[in-house]
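Dock chain B against the given chain A, drawing on the hints supplied.
2 protein chains.
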Amino acid sequence: MSHPIDKALRERAARVIPGGMYGHQAVGALPNGYPQFFSRAEGPWLWDTDGNRLLDLMCAYGPQLFGYGNAKIDRAYVDQMAAGDAMTGPSPLIVELAEKIVSMIGHADWAMFCKNGSDATTMALMTARSHTGRNGVVRARGAYHGSQPWANPRPRGISPGDQANQHFCNYNDVASLETAVAAAGPDLAAIFAAPYRHDVFVDQTQPDAVYAKRARELADETGALLVVDDVRAGFRMARDCSWSVVGVEPDLSCWGKAIANGHPISALVGSDKARGAAEKIYATGSYWFAAAAMAASLTTLELIHSTDYLERIVALGERLRTGLDKRAQRHGFRLRQTGPAQMPLILFDDDQDMRLGYHWCSRMMAHGVYVHPWHNMFMSAAMTDVNVDFALEAAGESFRELEQAAPTLGPNERYPGPKRG
Amino acid sequence: MSHPIDKALRERAARVIPGGMYGHQAVGALPNGYPQFFSRAEGPWLWDTDGNRLLDLMCAYGPQLFGYGNAKIDRAYVDQMAAGDAMTGPSPLIVELAEKIVSMIGHADWAMFCKNGSDATTMALMTARSHTGRNGVVRARGAYHGSQPWANPRPRGISPGDQANQHFCNYNDVASLETAVAAAGPDLAAIFAAPYRHDVFVDQTQPDAVYAKRARELADETGALLVVDDVRAGFRMARDCSWSVVGVEPDLSCWGKAIANGHPISALVGSDKARGAAEKIYATGSYWFAAAAMAASLTTLELIHSTDYLERIVALGERLRTGLDKRAQRHGFRLRQTGPAQMPLILFDDDQDMRLGYHWCSRMMAHGVYVHPWHNMFMSAAMTDVNVDFALEAAGESFRELEQAAPTLGPNERYPGPKRG
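Chains as they are written, first to last, in my numbering: chain A, 1 to 421; chain B, 1001 to 1421.
Same shape as in the complex, but just chain A (with noise of 0.2 Å):
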């Protein structure tokens, strides 16, 4: 697999865009062979700028839901682009999905659409403050709830007061959980959450009940509000909020990525006793009431809601999961696979650097297949038994030349460490 045209690229890119590229689309910390530029997509398949064909295991890091270029799904975003998107107010549609969204999740009364993840989990903080009057967050350590300096994980340009009032627990640690409310004390505005731990390096771990409730326990007890950001996971876990899987309803939930199948919209959505403080914030910007990815979201959430893509989506999950575990012990090498199974996470025991990792990566991209060695993937309903069987060939393939190459394996200069993500 050669990339000549991808390389030219990355040359210009060198000179006008800062480092190249950035943020969770720079492929600087992914293994050697990894394409910066890609041309075309359709379905679950990617082609870079070079012409070579892809499967996509990241599914544009979620949107992709129902495939790249859903016929039905991008067909609703022209027709609505082509009556009026964005207008000097927003179109009937914003009602019907929010109609739509009140439908679906089960502790939603009311929702607020916007453009980024970031946008949702920045305005529930906004809202949990505004319903309390006091400033205290408490989130998990190393969970990611979007750039916001408020949540940035990078410290370069944060402020002190950017993170002021911020007390840290470990996820699904009841005790640490307590712990950093108690620190919190009369001034906790918000708890957020996860809705299970998908952090960048680590092993993965779905909600822990015992752990979830108790959350749910300690804003109510403290008059704080429970926020579910649910941008990464969302209806990937569930046809309601992911944390319906144990039984506990958040007052926020926060939305993006795949609601709309990769048009831009995000939605923070709401309880009713969350609904008097969210309309005391401002928020705002100009796209947010744009009604193209409306349309495109209102056609998505239909196909959630009525076709069984979800059972899909964990069944080619857990072929491949199957499938992986079999090559790799026909190689020698144990993988530690977490997270939901349409969700996986493909980790290498005994892995210090990565190395093994890295290597088997590479040599996936090389076989066709984008698999990403430290970000949880993304199986699509657009994928098929024959998608997943092409993938468990190249990672038999892939296995094979890792456990040759091995012995002689490098450290590995790009692992970028599990503090960074």
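Think of the hints as simulated: they come from the structure by calculation, not from any bench. Note that the Cβ used here is the ideal one computed from N, Cα and C, for glycine as well. Don't take every hint at face value.
Where chain A lies over chain B, by a calculated footprint (3+ residues, C-beta under 8 Å) [stated by the list, open to error]:
{"hint": "1", "stretch": "1089 to 1098"}
{"hint": "2", "stretch": "1154 to 1165"}
{"hint": "3", "stretch": "1247 to 1253"}
For chain B alone, coordinates are given in the frame of chain A:
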């Protein structure tokens, strides 16, 4: 002009959207008779859900520079969407778009793309803090730099830390700028500036070259970065950064709205001095690398580069301004028309609670023209002299009706006051 469908939609919205609507497109603080929802848009026209056609002088609050549904721009969006939009990596268009911006904006050596204007202003703040290792910000009282917590114009849901280290000056007032910079002292990271004073509710003022040059000097003396927030005015003042009209180049500028004619994209643009700092911040979003809006932006920028759109919107704005003055005088009203003619704000003299302005706007709406009583408006290149004359005819009628109604107008209950933003 009747709005039964709009009324029914508002009743549904009140159940599923906090306050029935939120943000800058909520019409609660606008005059009687303003529809909340729109069904269709084309060229300079909007249609509300009850089928009333309106000449739209708001241009979606700025994004519409070449008219709703511009065929070339929308075709670029749709064609790129069919190839690939939000993928697992960016398309080559991100490089082309950065190159195009660097070629068009004098101070630009690089660009980063995002979704909201607020994303760009927040990244500017982070870049300045990253560059200096300091926290302080100087900005003008009443200037809007987005709705993120650090810049949010209202107190609800904002914690003290969000807006710490900020020092306020008065726009165009060199002494107050110097005082604010002195107050920030050795902690100054950034001086933010609007391209001109386009605050809501008050007369607009062009940038004073002495003020702009002093801001540049103070940034250089202190090592802080100078940021021009061109989200609202960008490419309506110049085919370059708006402060090019006063001969001052900032280190960073923020763009959005008009750069893709309503398709969702914004940008932080910087000079080489700020490149290293921009490389080190972590900034990203789910849809920031999506290619379709970049295709639309490339086409929009080419129209900006190669057509006389700017001269045309200036001429249209001047025709409107002259015509309005003449018609207002005929009925005994004195207008304060401020700002660049192509971004007009129309206030009435001796109109403390804006009862005259609100009534006149209501009448304009009844005659099929959407004007705003306290936010600057926007001319678009899709407008013609015929459109302006249509607005002027409506204005003549509306002044006449206002003259009759003025003596009996009661207090304006909807006027939110100049403190609201």
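Okay, the hints, checked on the actual structure:
1. Only residues whose C-beta sits within less than 8 Å of a C-beta in chain A count toward coverage, and the stretch 1089 to 1098 of chain B has 7 of them, enough to reach three; the restraint holds.
2. With a cut-off of 8 Å between beta carbons, the stretch 1154 to 1165 of chain B has 11 residues touching chain A; three or more are needed, and the interface restraint holds.
3. Restraint check on the stretch 1247 to 1253 of chain B versus chain A: 0 residues with Cβ-Cβ distances below 8 Å, three needed, restraint violated.
Consistency with the previously given hints fails for number 3 only.
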